[in-house]
Amino acid sequence: MLNGIVPHFIPLDASAMKPAPFKYVAATSLAQALALKAEYGDDAKFLAGGQSLMPAMNFRLAQPAILIDINGIEDLAGIHPSGATTRVGPLTRYRALQRDEAFAGMFPLIDEALPHIAHPQIRNRGTIGGNLSHADPASELPAIAVALRARFRVQTAKQERWVEASDFFVGALTTDLKPDEMLVEIELPRVKPRTGACFMEIARRRGDFAIAGVAVMTTLGERGECTGVRLAFCGVGETPIDASSAADALIGHQPAQTTIIDVAKAAQAMIDPGGSVHATADYQRHIAGVLTERALRTAQRRARDGH
Amino acid sequence: MDIDFHDITLSVNGTKYQRRIESRLLLSDFIRHDLALAGTHVGCEHGVCGACTILLDGQPVRSCLMLAVQANHHELSTVEGLADKAGEYHPLQQAMHEHHGLQCGYCTPGILMTITAFLDENSSPSEDEVREALSGNLCRCTGYQNIVDAVLAAADRMRG
Amino acid sequence: MSTRTFGEPIKRNEDHRLLTGQALFIDDLELPGMLHAAFLRSQVAHARILKIDVFKALQRPGVVAAYVAGDLGDYWQPGPILVPPPPIEGIIFHERTQVPLAKDKARHVGEPLVIVIAESRYIAEDALDDIDVELEQLAAVVDMEKGLGAGSALVHDDVGSNVSAYVRQTKGNYAAAAAKADRIIKRRFRYEHGISSPIETRGVVAQWDRRANQMTIWDTTQAPVFVRNGLAGMLGLNERQVRVIAPFVGGGFGPKIMMFYPEEVLLPWVSMKLNRPIKWIEDRHEHFFATTHERGQIHDAEMALSSDGRILGIKDVFLHDGGAFDPYGLTVPINSQCTLLGPYVVPAYDSTFTQVFTNLPTVTPYRGAGRQHGVFVMERLLDFAAHELNIDPTEIRRRNLIPPDAFPYNNEIIYQDFEVLEYDSGNYEPVLDIALDAIGYEAFRHEQALARQQGRHLGVGVACYVEGTGIGPYEGAKVQVQSNGKVSVATGIGTQGQGHFTVFAQIAADQLGVAVTDVDVVTGDTDQFYWGAGTFASRGAVVAGNAVNEAAKVVRNKALKLASDLFECSEADLVIEDGKVSIVGIPQKFVKLGDLANQANPMRGAVEPGTEPGLESTRYFGPKMGATANGVHAIIIEMDPKTFELKILKYVVVHDCGTVINPMILAGQIHGGVAQGIGNAFYEKLVFDDQGQLLNASLADYLLPTALDVPRMELAHTVTKSPLNPMGIKGAGEAGAIPGGPLFAQAIEDALDLKRRSVELLETPLSPSRLFELTRNART
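Residue numbers (the numbering used here), protein chains in the order written: chain A, 59 to 365; chain B, 129 to 288; chain C, 27 to 806.
Check each hint, because a few of them may be wrong.
Chain A stretches covered by chain C per the calculated footprint, using a threshold of three residues with CB under 8 Å from any CB of chain C [claimed, not checked]:
no.	region
1	246 to 260
2	266 to 274
3	326 to 340
What follows is a set of in silico ranges between Cβ atoms, one per label pair, in the way DEER data are often shown [as the list claims (entries may be wrong)]:
no.	chain 1	residue 1	chain 2	residue 2	range
4	B	T137	A	G333	19 to 27 Å
5	A	E132	B	F133	20 to 28 Å
6	B	S254	C	E121	52 to 60 Å
7	B	D135	C	L57	25 to 33 Å
8	C	L84	B	D256	54 to 62 Å
9	C	R237	A	E132	53 to 61 Å
10	C	D155	A	A327	42 to 50 Å
11	C	Q48	B	S254	49 to 57 Å
12	A	S87	C	G59	43 to 51 Å
13	A	A327	B	T137	57 to 65 Å
14	C	R805	B	D256	18 to 26 Å
Rather than coming from a laboratory, the hints here were simulated on the basis of the structure.
Beta carbons are placed, not taken as given, at the ideal position from N, Cα and C, and that holds for glycine.
Chain A extracted, bound-state conformation:
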C-alpha cells in the first residue's frame, strides 16, 4: 500500500497516532532549506509531499526535531525536457507527471507505473523526489529510475554532486544522501528509438505495496534483433534490483520464447526477496519470474509495434 507509507510492522511502543513535537520552518528558498539542513543534519527532515513521512510521524516512528517544508520552493517543481535528457524537479507531484502527455510519451515506463502508486489523493500530494529519497524497496519509482539509468543531482549548502540511480539506493529506506544533502534534480536520459517499455506489478490490492514489480525496456535494432534490455525489480529486496544482465542472452538475437524463459530464470536467481505478511519469499520469487516473462514479451511487442 501507499508505497512505503507504512512500515510493515508497527511496534506498540507507545500507542500513538499524533506526531511528537517539532519545529517547523516553511523554507522560501533552496538556499534556506539547505542551510537549515546543514545546521540540523539528521535531526531535520525535508517535508515535500509528506505522504510517507507524515504516517511515520503520526506513528511516532519518525520524530524529527525540525521539519523543513520545501513545498513553497516553486523552482523545485517542474518537468524540463531538453535534448538528450529530461530534468524533473523533485517537488514534481505524481499528478503532474501523470497529466503531462509529452512526458508520458517520452517515459511510458513511468506513465504505466504511476497508477500503481497508491490512490488519487496520495498522487495529488506525493512527489517524485520524496519518493526516491524515501527509498522504499517496494516502491515503483526507484526501480524505474534504475531501469531508466537516471542520474540524481544532490546538493548541500556548499556543493553539488551527481549520483547514478543504481548507486543512490543503498538499503531499505536508506540512500546515499548525506545528512546535509537534498535531492534537487532527477535527470532522465532520452529513451532510444524502437524501445518498448513495460511495467508490471502484483500487489494484494491496487495501490498497495508491490509484492513484486518489474520494469522492462527492450530496444530492437533495425532488423528486429534485440539490442538492449533493461530489467529492474521492486519489492523483492532491500533496494531496487537491476537485473539487466540476466537478459544478456537476448542481445543480438531475434527474441525467442525459450530465451525469455531462460532470462526470467536468470533474473529470479538475482533476487533475494524477504517475504512478508502478504507473500512468502518463494511466491515473490515465483511471480518475479512470471512478471519478467510477461513484461519482456510485452515490451518487445511494443518496441516492434512502435509504442
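Given chain A, work out where chains B and C should sit, using these hints.
Relative to the frame of chain A, chains B and C by itself:
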C-alpha cells in the same frame, strides 16, 4: 522544547480563518476541532482509509497526512460546503441519497470530496474509472455498489 | 390508510445529516474543560508486571493525571460475564473476564496498563513515553493446540489449563449412522475470521456533572441500556443518574456490543474523580489490539453418507480461539456448532468444542459471529462428498435440503439464545434454483470449457447457509404523536448504519397514516428509552421493529377512539391518513393527529377514570425464539493460474429473510455483508508471530476490500414469513458475510482444476501466495 506556534490564515468553504496553532497539529484535527467543521472524519490517521479527504486548492488530499500549518494561505473545501447556499444538495449528495450510497455515513464525507473533484475532471466516467477513483476510500458498510451507482447517476445528471 | 410504505424502497431519513456533515459522531463532541485520555498498553502478549512508574509523566506540562490498576481501589474489578454459558448438560466453563487495567499480569498485546489524562491527546501521547514500565516476559500461548498441551504456559494460572470451555452437543446417534454409511468424508479444517474494522473506531466521552449529580456517557456502543445499568452499578449511582448516549456510530459489526471495555469503565470514573469531561477516541492502531477480534477454529470433522449422497450424520470436534478473556461466554463457538447444520437434514450430529484461552485479544462476535466457521465445514464436506460420490455439488446439496413441509424443524441442540435450535420456517429449494439460474449454472460448464481453450481459468462456486436471527430476549418502543402532528419513536437499541431511522419510521408511518419523513426516530439514548438489550444477531428490525409496530397500533387505536368520540361515530367509519383522522367518504370532516394529541392532554375538566393522557404508547416485543433466514450465494471467478490473482466475474445472492420492510436497505445490508465475506475469504488475515505480536496492525497491511475488489452483485429474494412475529420478518444483517469462505474455496478449486490435481482447500482465508504454496507440488 518550547511549543512551536504559528499564525496561519486560510479559507475553508469560502470563509477566512486566522488561527494560532502548534506546528504538529494535523490538518484533520485542526479542521475538526479548531474550526468545528466536524463533518470531515478521521478513520486511520495513516493515509489509507480516505475518510479525512478534503480539497486543497480544489484537489482531494488526505487531511491526516498534512499539517495544519501547511494549509497557510491555501483554500480548503470540506463536506460542509458542498450543498449550495440555499441548502440544495450537490448532485452527488442527491444521488447518494437516492441510491442508498451510505449506511453508517462515516466514510461518506471523504467519498463526497474525492468524487466531486473526480467528476469535475471526468464528466463521463465508466464504472471501472469510478471504482478506480473510489479505491482510495474505504467503506465497510455498503460493498461500494450503491456508491458506484450513485456516482454514475450523478455524472449523468451533471452532464444535464 | 395512506399509501403503505412497508415493503417499499423508502429513502432514508438519516441521510441528510450524514450527507451534509451535520451528524454527531462521538469525536465531534466538544465540551468545555474537556480532557483527553491515552493508554499505555502492554507491548508483549504475556508478562508479569514488575513495575510501573508514572512520576515523570505527571511532571509533563499539560498532563493532569495518570492511573495504574492500584489507583482504582475497589473500583478495580473484572468485568461482568455478558453472556453466561447456555444450559447444556456437561458443560465446562471457566469465567475469566477482562479488567480495567492489568494488575499483576498482562495477557495480550494491547492490554491497558496505564491511563493518562492530559489537556490534549497529543500531550497524553507524549506522556506515554515518560512512563517507566518493567515487565517480565512470559511464554505466550498463541497456538491453540500447543496451548492445550502439557507444560504450556497458562493464560490464567488459577484455571490450571488453557481450557476456557468445553461443550458437547449431540442429536441422534452418530456412531450408528457411521456404521451404516457407504462413505465417510473426514477432513481437518482451519477457518480464521478477522477484525471488524469499522471506519469509525471506538470512543467514549464521559461527563460527570457534580451539581446535577448526573453522569452522561457518549459511547460507540451497540447496547447503551446495558452499558448504563452496568456502569451505574460500578460507579455506585442509581441508573437514573446515568445517561448513556450512542450517537451516530460509524459502523459496528459486532465488537461494539462487547462490554465492558476497559476504556468504558475507566473514563466515567476518571471524570468523577477530576470533575471534568474526558474524551478517548481509539486510534486505528489501538483498534487492532483494544477492540475484540474474531479469529480461528480448527475442526476435525467427518460426514457419514449413503451412496446416493444423503447425509447420515456428522461428527465434529473443534477448537475455538477465545483469546485472553471470555466475557462473551460461548456465543461464537455455539453459533459455529449450530450453524454448521445449515439447511440440511442431518439425522445424527455429534459436536464437541473446546474454547481455548490464548494470549491474544479477546474474541467476541463479529458479523457472522462464528456462523462462517460452521458453514465452511459443512459446505466443504459436501463438496468433497460430491466429488467422491461423483454427484454434482449442487445436486448433493439439493438432495439434503430440509423439505418445506418439515417446518418447524427441530435440530435438537441448544442455540446461542438458550432455546432449542428450531427453524421456524423455510422453503429452501426455490432459493437454490433461483441462484443456479441467476449464475447460469447449466450453461457455465460449456463456457468454462470454451474459456479454457483460450487459456482462461474460470470456476464456479455455490454455497448454502442458514442464519439464526432476531433472537430475544426483547426490545421495546415508545410511539408518541406530538402536538405538531409529527410522530416520535424511541427505542433502546443502538444503530450503526442499518437504517433504523427509516425502517422504524416506515412501520409507525403506516400505522398512523403520516409521512415517513414526519416520524422522528431516536435510538441509543437511555433517557429517551429506558429498556432494551441491543443491536446484535441480526435482530434490530425483527425485535425492535415489532415493538414499534405494536406500540404504533395502540396509538392508532387511541387516535381512532378519540376521534370517534369527537365525531360521535363508530371507529369503523373513520380513516386515518395524511396526518389526520376523517370520516370515510366525508374528507372535509377531519381532525389532525396533532390536535387529537393536544386534546388527549386536557388542561381543565375531568376525564374518565383510567384514562391515559396523550397519543402515546410503549410496547415490548420478545419472540419465543430466533427466526431462521436462509440463502444461497453463487460466484464465478477467473484465476490467473500463474500468479493466482483472482477476479470475480459474477456474484449472486438469493436470500429469504421473510417479509421485507425496505428492499433498498435490505440490499445494502447484503452488499455490505458480501464485501466483508470477500474480505474474510481472500484479503483479511490477522497475522501473529509466535510471541503473540500482530504483524499487520495497520490498514496498509490488514487488507479491507476496496471498490476494485468487490464486484457488482445480483440479488434476488424469496419470502417465507416467520411465524414467530406478527410482521413475519427475519433478520438480514449478517447473511451476506457468511458463505464467502466455502464459496471461494469451491470456485478456486474449480478454476484451477484442483480436484484432479488432488489439492483440497481446507482453510480460509486464502491468498495468491497461499494458493501458490498449496499447489506448488501438485501435478499440473
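Those earlier numbered hints the structure runs against, lowest number first: 1, 4, 11 and 14
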